Amino acid sequence: MKPDQQIPRNALVWIIASQFSLVAPHAGRIPIWVLAVYVFAALWRIMVYRGSWSFPGRWVKAGLIASSFAGIFFSYGSLIGLEPTVALLLTAFALKLIELARHKDGYVLLFLGYFICITEFLFSQDLPIALYSLLNVTLVTTALVAMHRPGEHQFNRKTIRLAAVMLLQALPLMLVLFFLFPRIGPLWSVPIKTHTAQTGVSDFMKPGDISSLGKSDAVAFRAQFDGDIPGASELYWRGLVFSTLEEGAWRSLRYFDVPPAERRAPPVETTGESLQYRIIIEPTQQNWLYSLRYARPTSPGVMSGSDYVLFSPTELEDQRLYGVESWPDAILEPELSPWRREIELRLPGTDNPQTRALAGQLRSQAGSDAAYVDAILAKFRDEPFVYKLDPPLLPAENPVDAFLFQSRAGFCEHYAAAFVVLMRAAGVPARVVAGYQGGEVNPLNRTVIVHQFDAHAWAEVWLQGRGWMRVDPTASVSPDRIEWGLERALEQQGGFLSDSPLSLVRYRGVAWLNTLRLRYDALTYRWQSFVTGFDRDRQFQLLNEVFDGISVRKFLLVLAASWVLVLAPLAYSLLGRRRAREQRNCDRYYLQFCEQLAPLGFVRAPGETAGEYAARICRAVPAIAGEVGEITRLYSELAYGPVEASSGRATRSERELKQAIGRFRPARKMRFDRDPR
Amino acid sequence: MQVQALIDSAVAEVGKVLLGKEPQIRLALCCLIARGHLLIEDLPGMGKTTLSHALADVLGLSWKRVQFTSDLLPADILGVSVYNRNDASFSFHPGPIFTQLLLADEINRTTPRTQSALLEAMAEHQVTIEGETRPLPEPFFVIATQNPIHQSGTYPLPESQLDRFLMRLELGYPHPHAEREMFQRRRPNGNERVVLEQRISIEQLERVRALVAEVYESTNLLDYLQRLVAYTRTAAEFAVGLSPRGALALLDCARTWAVMHNRGNVVPEDLQMVLPAVAAHRLVPSGDYAGDGAALVELMRRNVDVIRA
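Quick note, the sequences are listed as chains A and G, same order.
Just so we're aligned: 238 in our numbering is position 212 of the first sequence, and the numbers increase by one with no gaps anywhere.
Just so we're aligned: 139 in our numbering is position 129 of the second sequence, and the numbers increase by one with no gaps anywhere.
If you are wondering where the hints come from, they were derived from the structure by calculation, not from laboratory data.
Please read all numbers here as calculations on a predicted model, not as lab measurements.
Ideal Cβ placement from N, Cα and C applies to all residues, glycine included.
Worth double-checking, as some hints may not be accurate.
Computed footprint of chain A on chain G, listed as stretches where at least three residues anywhere in the stretch have a Cβ under 8 Å from a Cβ of chain A [said to hold, decoys possible]:
id : region
1  : 274-281
2  : 311-317
Now the in silico label distances, taken between C-beta atoms and shown as ranges [stated by the list, open to error]:
id : chain 1 : residue 1 : chain 2 : residue 2 : range
3  : G       : P158      : A       : M73       : 43 to 53 Å
4  : A       : Q32       : G       : S19       : 52 to 62 Å
5  : A       : Q32       : G       : Y226      : 41 to 51 Å
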C-alpha cells in the first residue's frame, strides 16, 4: 500500500472517538451486545495499528456479518422496523472499523457517520439531541480533516478548529435550506417504531389508569395563549369522551359504533369571547388532541369528532403543533338525538344494585335533573370521601357499590365513573371525559405546561336547555386538586412523584432551580415551535408574509437568489485565489494548444518542455511542423523571453499566439499525413 | 562574442584526450564559468585526472594536484611557515592550494579534518594560517574526485559539505565507439602527456561571466524553478529537499548554460539540462524509497509541470 493511502494515526483516533460519540445516544435503545461490538472493533483496530493483530480475513468477515444479522434478529424478533434497522446499521458501522485500511474505507465510514447522526432524529428531535448532533458532526468532520494531515503526530487544536470553521462556513447554507428548501412530503415512510409504548391517556379507562399517569412528570403538551391565560379551574383539556361502559371499563365510541348520520357533531352556535391558543403536543403514538371546550381547529390536518373532541387522522409519532380557537360559553348539543340519548343512558347488566337503588331514591327526592346533580355532588362533598393516588383495589363485581359504600377512597377516575353511573341509573344522560386539568404556567414565555400528572377524568351531564355541562365530582371531594393541582392535593398524604426522586418538578420550592427549569422549558417551547414545528404550512405562511404572497415563480426565484447570495462570497474568494495564482494568458493559450493535440495521441507530459513537445510532434507529423514550430516559438518568446509582461509588444505577441492557436486545426491535416509508424 | 563557438572549440580541444564525454565536459565548463567547484565521482581509471588536467590546459590555468591519503594533514595542502636561520624569521611556504586549478584526488580517503580545511578554502577563496589571511589566486577552482563511497577506507563527505560543490559529475564508461578509437590511438611511448592548446583566455572567461550576469529570467521560468524546488520539499520520496542555496545554484548554472548556448534568456531546457549535475548530490531519498539521487532528479523532471496549469 502506498503511504499516502494509509489512515494517519490521528485520524484513526478521531474516527474511533466519533464512533463512540455517535452510538452513545442510541445506547438505551440497542441491545447491550452492540455496544460490546463497538469496544471489540475499536480494540481490534488498535491492535492492528500497533502491529499485533492483522485485518480480518474474508471468512472472519462473513462470519461477523452473519452473526450480527442473527443477533439483531434474536434481539428484536425481526429485521424489519425502525429499531432493528438502526441497530443493524450501527453494528455494521462498528464492524467497518476493523477493515479500515485505506483512505477509501475511511470515507465510507465517515460519510456513514453523518448518516448515523441523522438516525438519532428519528427518535428524538429535542434541543439537547440537536446540540449533541452538532458535536457529532464536528467530530466526524474533524476525523475527515485529520485523514488529510498525514504528517501530524501530535494532537493539536488546528484540526478541530479547521473542522469547526468549515461547519461555520456551511451555516448560511444550512439556514437557507432550512427556511427555503421545499418541505417535500415523505418520499418513503419510516417503518413504524415497534418498541415505543403509547403514552398519555388511552382510549379506554379502567380504575387506576389515570392514577398511574399521576406518577409521571413527563410533559404531555404545552399551550400558548394569544390573550390572558384562563384560571386553573377553567383549564379542562378535553381529550376523549367515554360514552360506553363495557366489562368494567369506559371507552369511547368507535367510528363504526356511530351511525353515519351522527358522525358529524351537531353545529354549535358560538357565543361569548373566544380563546385562541397553540398547542405543541409530545408524541403519544395515538390520535387524539387536547383542547378546551368548545374547540375549532385553526390548523389544517386536525379533525373534529362527533363528541366535540379533536383528533389527528395519523398517529402522533413526532411533536405536533396545532392551533385552536375555543368558546368556553358555547352550548353543546342543545337537542339530543334519540340515538345519542340512548347511547349516553346505556348502563349494561344489572350490577351495582345498591348504586341503582340510591340513584332512584335521590332522583325522586330531587325536583329536577340539575337538582339531582347538586345532590350527588353534595353527597361527595359532605360524606367522608377521600381523594387518593393509591386507593384500595375495587372488586370486579359491583365495583361502584364497593366504591360508594365501602372504600370511599379514589382518584378522579373513580369519582367520575361513579358519578356517571349514578346519573345514568337515574335516567340523566352523562359521560366520562378524560384529558388533563390545569397545568403549570411558565411566566417566562406565558405558556401552560401540562404534565402527565395533570391527567384527569371528569364528567359531562346533559341538561335540558343547557346542553352538555361539565361536572367535576373530584372538585367536590378535593377542591385543591382543581385549584392548585395534584401536588397540593396530595400534600397531606405525600406520594406526589414519589417514584421519581430526581424529578426537577418535585423541587419547585427551590426558587433558583425552579427558574432554571422554567427557563429551560421556555427554550424547549421556542425550539419546538420554531424549529421542529417549522413544517410545510408554517414555511408557506412565513414566505407569504415576508414576500407578500408567494407563487411558484417567486419561490423559485427566492430560492435561487438565496443560493447565489450564500455561495457568491465563497465563489468570489475561490476566484480570488485562482487569480492570485497568476496564470498568464500565454500559458492558458498554450495549454489550449496542448489540449487540441492531446486527442490525436500527443499528450504533453508534465515535465516536457515546449521545445521537446514540438520536436516530438514535428517528427511524427511533418505536415503540421510549420504551425507547431511557429506557435512554440511565439509561446517561448512570451513565456521565457525578455518581454515585459503587459507591454505593447507582449499584448501583440499574445494576440498573435491566440490567433495562431485559433487557426490551428491539427486533426484535418493529420488524417492524411500521419506518420504510418 | 560568439560564446557558443568559443565553448565548442574548448570542448573539442578537451575531447581530444577525453573521448566521447562531450556532455560532461560541457557541464564541467559550465561549473567553472559559474565559479563553482566540481566533484567528480567515479571509479578509478575513468579519466577524472585527464579531464581536470585538460580543463586547466584549455583555460590556461596553473594546475596542481594533491593526492589525498588518510595521513594527509591540513598543512600539507595549505602550506607551512618555516624558520629561516639566516634572517631569524619565519617564512611562509605556500602549499599546493595556491594555484588556479587544484585537483583534489580521492578526497574521501582523507580524514574529515583535512577535508574541512580544503572545503573552507573553497568557500572563502582565502586561507588563514597562523593568524594571517592569504588570498588564493583568481580564478580558483577545485576539482575534487571521489571514489564511490562503498569502497573501503573512505570518509564519505557529509551532506553539508557536498553542498559546497556546485556540481557533481559521473563520467561513466566510454561509449563503445569512443573506446575503440581510444584503443587505436594508443601508442606506448612513455608517460608523455599530450599538451592541449589554450582556447579560452582569462579575459574571455571574465567576459562570458559578465554576460551571465545579464541573462534574463522570466517569471514563468522562476516559477518553474520554484515549483521544482518545492516539489523536493513536499513529495514523500524525499527525506531532504533542495535548500535555497541549492536552488540558487540551479539558477546560476541554468543562466550559464543559456549563455553557453548563445541565449540571453533562460528556458526550461537549461534548468533541465543542469538539473542532474546540480541537484542529485544534494537530495536524500526517504527511507522507504529505493532510488538514489539520480532517480529523485528524474522524479522532479517528470512530475513537475513546466507550464503552470
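With respect to the beta-carbon atoms only, verify the hint that Q32 (chain A) and S19 (chain G) lie 52 to 62 Å apart.
For S19 (chain G) against Q32 (chain A), whose Cβ atoms are near 57 Å apart, the range 52 to 62 Å holds.
Against chain A, does the region 274-281 of chain G show at least 3 residues with beta-carbon separation below 8 Å?
It holds, with 6 qualifying residues against the three required.
Just to be sure I understand the hint, the distance between the Cβ atoms of P158 (chain G) and M73 (chain A) should be within 43 to 53 Å; is that true here?
Hint holds: Cβ distance 44 Å, inside 43 to 53 Å.
Supplied distance hint 41 to 51 Å, evaluated on CB atoms of Q32 (chain A) and Y226 (chain G)
46 Å, holds
Do at least three Cβ atoms from the region 311-317 of chain G come closer than 8 Å to Cβ atoms of chain A?
Check passed, 7 qualifying residues.
Comparing the model with each earlier hint shows no violations; every hint is respected.
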